[in-house]
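*Asks:* The primary structure of each chain is shown beneath.
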Amino acid sequence: MNDKNKNSSEKEGRDVGGISLASDLVKSKEEIHDEELKTVFECRNVNIYYSDFKAIEDLDMDIYEKKITTLIGPSGCGKSTFLRTLNRMNDFIDDFRIEGNVLLHGDNIFSKKVDPVEIRLRVGMVFQSPNPFPKSIFENIALGPRINGYTGDLDELVEEALQKSYLWDEVKDKLTASAYSLSGGQQQRLCIARAIAMQPEVLLMDEPTASLDPISTSKIEDLLVELKKDYSVVIVTHNLQQAARIGDFTALFYQGKLIEFSRTFKVFTNPSQKLTEDYITGRFG
Amino acid sequence: MTRKTRYQIYGILFQSVCLIANFSALFFLALVMHDVLVDGWEGLSFDFLTGYPSRKPENAGILPAIVGTIYMMLLTAFIAIPTGVGAAIFLEEYSQKALFINFVKLNIQNLAGVPSIVYGILGLTLFVRGFDLEIAGFSLGMGRSLLAGSLTMALVILPIITISTQEALRAVPESFRLAGFGIGMTRWQVIRYQVLPVAMPGILTGVILSLSRAIGESAPLLMIGALAFVAFLPANPMDSFTVLPIQIFNWASRPQKGFHDAAASAIIVLMLLLLIMNAISIIMRAYYNSKLRDLKN
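Residue numbers (my numbering), protein chains in the order written: chain A, 126 to 410; chain B, 569 to 865.
So here's chain A without its partners, still in its complex pose (with noise of 0.2 Å):
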């Protein structure tokens, strides 16, 4: 019996969920070997807990500069919990006690010297359902500038968001429409072009296409693996094939514990624990 699952996983190797990987694989294995990674942050010995529950047990882990970092995991695994550490959003939940630390930069964001307002400008978020404040398109991506003292042309500054995140040929006619005007799949691609304008150097999302159709899901998918040229990107998402698809590294948590880190492809093609074979193989999850 475990004979023959393994065959099988073997077998499925490079075509897990029906997405084929080869190219990935051939990429990855030259990016081995030229390129050199850089760490935007580090976590050492991290233990997150609500109260008395332990979300996040001994985590050690690196995010590097320009790659898409995907957490995936069974629902209540902790990788939302993680996602939000890493800019402080877990700051607004009560009972919310970290222990280690969390370098971005080599700095420890949980420092008490720190501002988290200052690590959620360098460290953006989006959201699992599109949240455009209740203004204009416009205002949406300029509000965010204005108020931090944006000296610059505003104008510009909006075109350009909404030009890097795939949305300004779809707007360009109605930037004092209501965000709200858009679809779902828009209004997600505003919420990314509104963390954009804030020039950070990390984007978080916390499963940013769970509320969207297939074709924005491929759009945003396009637009994560276009963004990774200017941004480190962490996304959770409980879609394996997109992680598959767009992730240069994959972290697979389970029950508050990371169990398995390392580049997509070995990841989806030759786990090194057997959990992690079970959860990509749907056995359970």
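Derived by calculation from the structure, the hints in this document are not laboratory data. All C-beta atoms, glycine included, are put in the ideal place defined by N, C-alpha and C. Watch out, some of these pointers could steer you wrong.
Restricting the straight-line Cα-Cα distance to at most 27 Å, the calculated cross-link-like pairs of lysine-lysine (BS3-like) are [as the list claims (entries may be wrong)]: (1) B:Lys665 x A:Lys179; (2) A:Lys299 x B:Lys859; (3) A:Lys297 x B:Lys859; (4) B:Lys859 x A:Lys260.
Footprint (simulated), chain A over chain B, 3 or more residues, beta carbon under 8 Å [unchecked claim]: (5) 747 to 755; (6) 761 to 773.
Take the given structure of chain A and dock chain B to it, following the hints.
*Replies:* What follows is chain B alone, placed relative to chain A:
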């Protein structure tokens, strides 16, 4: 009789009971209006509106009461709105979840239920008499002044403003706040640019409804001794004053029929003022709602 028809009858019965309840409320309102209009309509003249109190009912006017009411409303609003809205913002947006904060919230709810005459006693001790304390020969009390009355009235409506503002703030979806924090807004920026614009219709409704309660309150002002016979217009906040409910109460307690009719006329004026305020509240709410709705679809 089948089961189904029996339940249909229950439905009709319940509907009828609700209808009767509705009509009885309307009936008594109509009765009051009729009574007041019959007695007071004739006395409602330009001279009545612009006249000063008099010993003779046919010469009596309510200008000081109208002006006093308007002044007191403005002062009360000026004191109570920033305080009440500010308290609510602190409780909902800034305070951490703590036992003490829950205790404060619970007590604000209780304060809203305290009879207004109790606030009158508080106002009398605190604002009118200033605990009978003197500093360098000056009394800390403000006497029976417009300011003392407004402060007392502000106490009456503070809990109402705070509670309705809290509810308006709680109705703002959490996702708006998170969206702001997610792009690095400070708490003040989130409140200023995300929360308050969305909560505005709710806050305004609460504020105006509480002011229209204040306009009709007489018990606390009786307690602090607002005068019924004021033959001048209050020129500054330290002047003595009267308001419409006090004037009505005073006239209604006189033996002469003429004063009773004057009281009825004053009631019409008071009700009109109330109606105007409620209308403003509805218009403002509709305006802000439509502004938000434009943006929501």
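*Asks:* Evaluate each hint against the coordinates.
*Replies:* Quick rundown of the hints versus the structure:
no., hint, result
1, B:Lys665 x A:Lys179, "21 Å, holds"
2, A:Lys299 x B:Lys859, "18 Å, holds"
3, A:Lys297 x B:Lys859, "22 Å, holds"
4, B:Lys859 x A:Lys260, "10 Å, holds"
5, 747 to 755, "holds (count 8)"
6, 761 to 773, "holds (count 4)"
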